[in-house]
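So the sequence lines, in the order shown, correspond to chains A and B.
If you count the first sequence from 1, position 246 lands on 246 in our numbering, and the numbers rise without skipping.
If you count the second sequence from 1, position 62 lands on 358 in our numbering, and the numbers rise without skipping.
Bear in mind the hints are in silico, worked out from the structure with no lab data behind them.
Mixed in with the good hints there might be a few duds.
[What the hints assert, rightly or not] Cβ-to-Cβ under 7 Å is the rule here; a few derived chain A residues that face chain B:
(1) D98
(2) N188
(3) Q192
(4) A196
(5) S199
(6) F200
(7) S202
(8) P204
(9) L208
(10) P214
(11) T289
(12) T290
Note that CB positions come from ideal geometry on N, CA and C, so glycine has one too.
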Amino acid sequence: MFKLMNFILEFPERFTYDIAKPIDAMVDWIDKVFREALDVFVIVFTFIINRVQDVLFFIPWWGYVILLFFATMKLYKVSTAIVLSSLLLLIGVFGFWDATIRTFAIIVVSVLICFIIGLPIGISMAKSRRVEMVLKPILDGMQTLPSFVYLIPALMLFNTFGRVPAVFATTIYALPPLIRLTYLGITNVDEQVVEAGTSFGSTPMQMLFKIEIPQAMSTIAAGVNQTTMMAVAMVVIAAMIGTPGVGRDVLRAVETLQVGDGFAAGFAIVFLAIILDRLLQGLAAKLDTTAQEGEE
Amino acid sequence: MAQGVKVEDLSVIFGSRKQREAAIEMLDDYKPDEIREKTGATVAVKRINLEIEENELFVIVGLSGSGKSSLIRTLNLLNRPATGDVKVGGRSLMDMTKKELRYFRRNDVAMVFQHFGLLSHRTVLGNVEYPLEVQGIEDKERRQRSMEAIELVGLDGWEHHMPNQLSGGMRQRVGLARALTNDPELLLMDEPYSALDPLIRREMQNELLKLEDTMDRTIVFITHDMNEAFRMGDRIALMKDAEIVQLGKPEEFFANPANQYVKDFIADVDKTRILKVRNIMSKLKSVAKLGDDRKETLDFLKENEMDFIYVTDEKRIFLGFLKIEDLQKSKAQKIDNLVHKDETKIYRNLYLQDAWEKLNESTYNLPVVDGKGRLRGVLDYDIVVDALAK
Chain A
1 MFKLMNFILE FPERFTYDIA KPIDAMVDWI DKVFREALDV FVIVFTFIIN RVQDVLFFIP
61 WWGYVILLFF ATMKLYKVST AIVLSSLLLL IGVFGFWDAT IRTFAIIVVS VLICFIIGLP
121 IGISMAKSRR VEMVLKPILD GMQTLPSFVY LIPALMLFNT FGRVPAVFAT TIYALPPLIR
181 LTYLGITNVD EQVVEAGTSF GSTPMQMLFK IEIPQAMSTI AAGVNQTTMM AVAMVVIAAM
241 IGTPGVGRDV LRAVETLQVG DGFAAGFAIV FLAIILDRLL QGLAAKLDTT AQEGEE
Chain B
297 MAQGVKVEDL SVIFGSRKQR EAAIEMLDDY KPDEIREKTG ATVAVKRINL EIEENELFVI
357 VGLSGSGKSS LIRTLNLLNR PATGDVKVGG RSLMDMTKKE LRYFRRNDVA MVFQHFGLLS
417 HRTVLGNVEY PLEVQGIEDK ERRQRSMEAI ELVGLDGWEH HMPNQLSGGM RQRVGLARAL
477 TNDPELLLMD EPYSALDPLI RREMQNELLK LEDTMDRTIV FITHDMNEAF RMGDRIALMK
537 DAEIVQLGKP EEFFANPANQ YVKDFIADVD KTRILKVRNI MSKLKSVAKL GDDRKETLDF
597 LKENEMDFIY VTDEKRIFLG FLKIEDLQKS KAQKIDNLVH KDETKIYRNL YLQDAWEKLN
657 ESTYNLPVVD GKGRLRGVLD YDIVVDALAK
């Protein structure tokens, strides 16, 4: 009787299963079998990140400010351009310029990889019911899984600290919105536009590249925006596996209880996020050709 | 050369595969409503047979949900028929491979859409060029042909604007120009003017009639507006509940409405303003051509008990007529010198109101010509009186 009570009140111990072990085993297995491939991967990606970083460091600080000013002016208006450029200047003023560029390099590489992987996946999801059915729950899972979780396997797989596992973890974490919005953009193209394309004898490839992708461009840009925002968030967390950049400054401040330093570094990240968000949102709005511009 | 369209036993059914199969079984014994209730499938078009002639402006009219759009969309296979087939110029669309179908869509057919279906990321020119671009036609020719089409619809000067900078009427002109660039033999227009306001609609109708007048092209035109149908159509098919209620020339609708539904449908249509010469003209059974043999022509007239015959040149331009007496008297080999040059002819897009006077002055039936002066038919005095009397 007592046993039965216990069974109802507490989860029975003999029904628990340790799922951690098989996952560890799988990571170990990947580590063993793909070791060399992974090492090559690390070398290649370190190279790519370095080159991107070189290019980003090659542009002087005032170059960024001027570029940003004119880009924002084109997308919005002068006042917005002044605000965003000032925010960028403040990052330098607070003394986080170099760290921010390093962070930015990792974001750029991650988002590029997301774009290269995410676009075809999003398109195939829009084209095939089966792919859609398989991927939708996976994407949901990827987005709900706590971001920290990606860091550990990234570390173990690449057997190194720093930027390559950070790019890997960031890419996986930031990928879902781009896939989702590419899928959404392609499936939401005006039916009559697609029919017009069909009625003039477009091949599937012509349809995709001349009609569907251009029509979905604004939504895809919104996806890039969301992906970039998630990459910014992840890159800070990636400081925990030794990734250089502003995130490391935040982490150090937390560890040493320096409230001021923590907020200063935090602001730098916020400003970077605001600037990237505004830029990409403006771009998405510019690409939206379906909006009316003054009717009849 | 324009091509005729033949629709045979055509049904369009929407639903899952199982539902469609069940619906086909029930097609002959049940009404569309009942089939939907029992199977869940929607029967949009039910076993329709019709023939559209070359160069005809054929109008399909009906309320929304009558199946008219579903029908026109089978003519370029945007909808796949559940039963039956469509033949354009004798070729069966259902038998076409993917490649043949693509070729057909690229070269022989074009469509204008109710909501225009323009590519909003391309300029007017970019839109009009699209049908040629997918065919891989090189830039220079593409540009030239597109500009011709843009001029034809009166949009020159606007070619570098984006669609969202244009008004509704102008956008539909872009849609029309785009449909004309590949010089299709069959032009499908799916409620092209329904989204436009009435003034612009009238203007666009007249422009289309003017355009249609000078080109060899079969046009299938969909509308829910009976006035528009009568104003545009050589022949009209009235659809209701997936079937054709009545099919015929406009005046036949007035003369013999098939049932009460048709009567109600045409009740508030003013026919003198809508009936045109072309609607009630008779087709010519035979025409003599310049250079024909006198004796053969004479024999032909006798055989068919005719007193005279109209004469055209090789391009069907109307020249005059031949009297049987002259043919009998003459000894010439050819008919060329016997032709009575006659300038009394009538333009086929005239409304009956305006044609009436001319008809009264003439003692003969009047030859009917199009905008290029080509002989299209003959207007019979008695038929006009009949049509107006009713």
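So, going through the hints one by one against the coordinates:
1. D98: Violated, about 40 Å.
2. N188: violated, 13 Å
3. Q192: holds, 4 Å
4. A196: holds, 4 Å
5. S199: holds, 4 Å
6. F200: Holds, because the Cβ-Cβ distance from A/F200 to chain B comes to roughly 4 Å (cut-off 7 Å).
7. S202: Holds, about 5 Å.
8. P204: This interface hint is violated because 10 Å lies over the 7 Å limit.
9. L208: Where the cut-off is 7 Å and the nearest Cβ of chain B is about 12 Å from A/L208, the hint is violated.
10. P214: Hint holds; A/P214 Cβ to chain B Cβ min 4 Å, cut 7 Å.
11. T289: holds, 4 Å
12. T290: This hint holds: A/T290 lies near chain B, its Cβ roughly 5 Å from the closest one there, short of 7 Å.
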